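S.K.: Now for the letters of each chain:
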Amino acid sequence: MKGLKIIVLAKQVPDTRNVGKDAMKSDGTINRAALPAIFNPEDLNALEQALRLKDKYKGSTVSIVTMGPGRAADIVREGLFRGADNGYLLTDRAFAGSDTLATSYALSCAIKKIEPFDIIISGRQAIDGDTAQVGPQVAEKLDLPQVTYAEEIISVENKIVNIKRRLERGVEIVSSPMPVLITVNGSAADCRVRNSKLLMKYKHAKTVSELQNESDDYIKLQKERTYLQIKEWNVSDVSADKEALGLSGSPTKVKQIDNVVLQAKESKKLTSDDKDIDFLIKELVENHTIG
Amino acid sequence: MNNVFVYCEIEDSIVADVSLELLTKGRDLANQLKCDLEAVAIGYNLKEIGKQIFPYGVDKLHIADDKRLEYYLTLPFSSIVINLFKKENPQVALFGATSVGRDLGPRISSALVSGLTADCTGLVVGDYDDPKTKKNYKNLLYQIRPAFGGNIIATIVNPEHRPQMATVREGVMKKEIFKHNYSGSVVNINVDDYLNDTDFAVKIIERHIEANKIDIKKSSIIVAGGYGVGSKENFKLLFELADVLGGEVGASRAAVDAGYVEHDRQIGQTGITVRPKLYIACGISGQIQHRSGMEESAIIISVNNDPEAPINSIADYVINGNVAEVLPKMIKYYKMNSK
Numbered sequence: 001m002k003g004l005k006i007i008v009l010a011k012q013v014p015d016t017r018n019v020g021k022d023a024m025k026s027d028g029t030i031n032r033a034a035l036p037a038i039f040n041p042e043d044l045n046a047l048e049q050a051l052r053l054k055d056k057y058k059g060s061t062v063s064i065v066t067m068g069p070g071r072a073a074d075i076v077r078e079g080l081f082r083g084a085d086n087g088y089l090l091t092d093r094a095f096a097g098s099d100t101l102a103t104s105y106a107l108s109c110a111i112k113k114i115e116p117f118d119i120i121i122s123g124r125q126a127i128d129g130d131t132a133q134v135g136p137q138v139a140e141k142l143d144l145p146q147v148t149y150a151e152e153i154i155s156v157e158n159k160i161v162n163i164k165r166r167l168e169r170g171v172e173i174v175s176s177p178m179p180v181l182i183t184v185n186g187s188a189a190d191c192r193v194r195n196s197k198l199l200m201k202y203k204h205a206k207t208v209s210e211l212q213n214e215s216d217d218y219i220k221l222q223k224e225r226t227y228l229q230i231k232e233w234n235v236s237d238v239s240a241d242k243e244a245l246g247l248s249g250s251p252t253k254v255k256q257i258d259n260v261v262l263q264a265k266e267s268k269k270l271t272s273d274d275k276d277i278d279f280l281i282k283e284l285v286e287n288h289t290i291g
Numbered sequence: 001m002n003n004v005f006v007y008c009e010i011e012d013s014i015v016a017d018v019s020l021e022l023l024t025k026g027r028d029l030a031n032q033l034k035c036d037l038e039a040v041a042i043g044y045n046l047k048e049i050g051k052q053i054f055p056y057g058v059d060k061l062h063i064a065d066d067k068r069l070e071y072y073l074t075l076p077f078s079s080i081v082i083n084l085f086k087k088e089n090p091q092v093a094l095f096g097a098t099s100v101g102r103d104l105g106p107r108i109s110s111a112l113v114s115g116l117t118a119d120c121t122g123l124v125v126g127d128y129d130d131p132k133t134k135k136n137y138k139n140l141l142y143q144i145r146p147a148f149g150g151n152i153i154a155t156i157v158n159p160e161h162r163p164q165m166a167t168v169r170e171g172v173m174k175k176e177i178f179k180h181n182y183s184g185s186v187v188n189i190n191v192d193d194y195l196n197d198t199d200f201a202v203k204i205i206e207r208h209i210e211a212n213k214i215d216i217k218k219s220s221i222i223v224a225g226g227y228g229v230g231s232k233e234n235f236k237l238l239f240e241l242a243d244v245l246g247g248e249v250g251a252s253r254a255a256v257d258a259g260y261v262e263h264d265r266q267i268g269q270t271g272i273t274v275r276p277k278l279y280i281a282c283g284i285s286g287q288i289q290h291r292s293g294m295e296e297s298a299i300i301i302s303v304n305n306d307p308e309a310p311i312n313s314i315a316d317y318v319i320n321g322n323v324a325e326v327l328p329k330m331i332k333y334y335k336m337n338s339k
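One line per chain: the protein sequences are C and X, in this order. For what it's worth, this note's numbering labels the leading residue of the first sequence as 1, then goes sequentially. For what it's worth, this note's numbering labels the leading residue of the second sequence as 1, then goes sequentially.
Worth double-checking, as some hints may not be accurate.
Stated by the list, open to error - No farther apart than 25 Å at their CA atoms in a straight line, the calculated lysine to any residue pairs in the SDA-like style are these: (1) K203(X) <-> L221(C); (2) K164(C) <-> K174(X); (3) K51(X) <-> I14(X); (4) K138(X) <-> I257(C); (5) K141(C) <-> F200(X); (6) K268(C) <-> P328(X); (7) K164(C) <-> K51(X); (8) K218(X) <-> E176(X); (9) K135(X) <-> K268(C); (10) K132(X) <-> D258(C); (11) K242(C) <-> K203(X); (12) K203(X) <-> Y57(C); (13) K164(C) <-> E262(X); (14) K275(C) <-> K86(X); (15) K268(C) <-> K51(X); (16) K86(X) <-> E283(C); (17) K232(X) <-> S187(C); (18) K203(X) <-> G186(C); (19) K5(C) <-> F200(X); (20) K174(X) <-> T24(X); (21) K236(X) <-> D273(C); (22) K275(C) <-> D129(X); (23) K218(X) <-> E283(C); (24) K255(C) <-> K51(X).
What the hints assert, rightly or not - Quick partial rundown of chain X residues pointing at chain C, CB under 7 Å, derived from the structure: (25) F85; (26) E88; (27) I152; (28) I156; (29) V191; (30) Y194; (31) I204; (32) R207; (33) N320; (34) P328; (35) I331; (36) K335; (37) S338.
Hints in this document: simulated from the structure, not taken from any laboratory. Since this is a predicted model, take the numbers as computed values, not measurements. Glycine is no exception: its CB is placed at the ideal position from the N, C-alpha and C atoms.
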């Protein structure tokens, strides 16, 4: 079998799992600076599945596609350090404010520029929104079959992919023809760590915008070693319709954002002393909550 | 036309609880919007399915019954719903936030270019003034959900696009029979009008789906643990306490992610919603996503060594102490006091 052409969709997200007490400013808005930007966890699971296919089927390539501000080039570099072959950053002010539908439109336009491909893999959902919508929406826009909630891409035989899905109450093994879009669960294998040789090889990988702040020597180096070029695409590079992007391309509008205000109850404060626990249990037994 | 639609998930000829909960919510929304409630059932051997669905106040039930549709498959199911929605033009369409609804919903929203909001914790009818166009919209669906790690609550609207689509987790809405003898009409969908062979490109090779083993939703006492419990070993104390009280063990997402307990026990926005008469939160800080899944509990006890834990503000009793110290004492004094 000739190698597979695999695209991994990955997102840079604020680390909402580790929201500290300084995450909210005193005026009640979010302090984004206090949240580190990370590789979306399930996208790392997706990358691992892609890299396993690359290991298994010689001649395969893995391309990272991400959309975000300039600093999201970190996501492509992180992918390269772990074994991806190249990457694309979609960045343009016109993408800002996109909901899942507009985002999936932008990604599908970029993927059409990268064609042909065999498999698109992404994480099931991103931790900043937890919607799990972009994967299926990209599949629909590209008229591809989709397999969501994948835990393992088992094999590829005769252009058919066999996939194990992890559902709420069990597993399903399905087969799909290629090309196909697959979204991967957090229950899948963890992503391998950075490879030190790849880290050396790709540490100077940059986008065109990033190069603008570098010296001429650096720019010369990039010209010689084309693998260091992270492709940076804007709206016109991917032939997208601006009306279908950003706020205008988003059917959903945010009407209102409320800060979380806790309605404090009149609570009884107790300690772990025996007499306090004894009091509590007696009260609960007396009012028939327990017992 | 322009009615409220609910997609009904069916496994082994039983309509899923989440779908019945959405029918109850859908009936309420339809009453407010002065329109009908319609349901969609896709599967195999569905002749009797209406008996389960109509009592929730369904006016019209669309059935696609075909051997090839026995198990959920993205392409044929989405093809049927997309074509049905194109014809019926619903104003609101609700799906369970399950592995089925979250696979199907986005596919449909993409095909119909409509807005979809995932994992809503509230659905309310209200008006909207667009700040840019100054246009006023009457009777939109407010889709309310925690966002950004639960630090904010967002109210989402879809002013221009239909259907207004939302997914909701099991247990978030209450299931309530509208009228036992409520009757509506059945429309049988001719599936061959909507399907072609390429829709069956993805095939199910094997399927092992177990009945829900753990059902903490039905338990009136829940002892739930968070990341603060500290270890799988410490979680055994929660099982002991739940056992003597005749309750079940629940967990926050952080505890499930840490591998302390299985996913079936996860409570909160991305787990299940519970309303027990007693909820004992052990080492749970109480992010909004967790609170949205348990705040309607009748009595809440928080056991936490952080006196500032957000959960304490909704607790009836706050025990400032370590889980490993407090729980054995609760077991001890329960045994002493209950006899």
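S.K.: Now look at each hint and say whether the structure bears it out.
M.R.: Cross-check of the supplied hints:
1. K203(X) <-> L221(C): violated (49 Å)
2. K164(C) <-> K174(X): Violated, at about 33 Å.
3. K51(X) <-> I14(X): holds (11 Å)
4. K138(X) <-> I257(C): It holds: about 20 Å lies between the C-alpha atoms, which stays within 25 Å.
5. K141(C) <-> F200(X): With Cα atoms ~18 Å apart, K141(C) and F200(X) stay inside 25 Å; holds.
6. K268(C) <-> P328(X): holds (20 Å)
7. K164(C) <-> K51(X): The given pair, whose Cα atoms are some 35 Å apart, is violated under the 25 Å limit.
8. K218(X) <-> E176(X): holds (15 Å)
9. K135(X) <-> K268(C): violated (49 Å)
10. K132(X) <-> D258(C): holds (20 Å)
11. K242(C) <-> K203(X): violated (37 Å)
12. K203(X) <-> Y57(C): Holds: K203(X) and Y57(C) sit about 23 Å apart, inside 25 Å.
13. K164(C) <-> E262(X): It holds: about 19 Å lies between the C-alpha atoms, which stays within 25 Å.
14. K275(C) <-> K86(X): violated (66 Å)
15. K268(C) <-> K51(X): violated (48 Å)
16. K86(X) <-> E283(C): Not OK: K86(X) and E283(C) at ~58 Å, beyond 25 Å, violated.
17. K232(X) <-> S187(C): OK: K232(X) and S187(C) at ~18 Å, within 25 Å.
18. K203(X) <-> G186(C): Holds, at about 23 Å.
19. K5(C) <-> F200(X): holds (24 Å)
20. K174(X) <-> T24(X): holds (7 Å)
21. K236(X) <-> D273(C): holds (22 Å)
22. K275(C) <-> D129(X): violated (57 Å)
23. K218(X) <-> E283(C): Given that 25 Å is the threshold and the Cα spacing comes to 24 Å, the pair holds.
24. K255(C) <-> K51(X): violated (39 Å)
25. F85: violated (14 Å)
26. E88: violated (19 Å)
27. I152: Since the shortest Cβ distance to chain C is 5 Å, the answer is holds.
28. I156: holds (5 Å)
29. V191: violated (19 Å)
30. Y194: It is violated, given that the least Cβ distance between Y194(X) and chain C is near 16 Å, above 7 Å.
31. I204: holds (5 Å)
32. R207: Interface hint status for R207(X): holds (5 Å vs cutoff 7 Å).
33. N320: OK, holds: N320(X) within 7 Å of chain C, min 6 Å.
34. P328: Hint on P328(X): violated, closest Cβ of chain C at ~10 Å, above 7 Å.
35. I331: violated (10 Å)
36. K335: Since chain C brings no Cβ nearer than about 9 Å to K335(X), farther than 7 Å, the hint is violated.
37. S338: holds (4 Å)
Against the hints set out earlier in the document, violations occur for numbers 1, 2, 7, 9, 11, 14, 15, 16, 22, 24, 25, 26, 29, 30, 34, 35 and 36.
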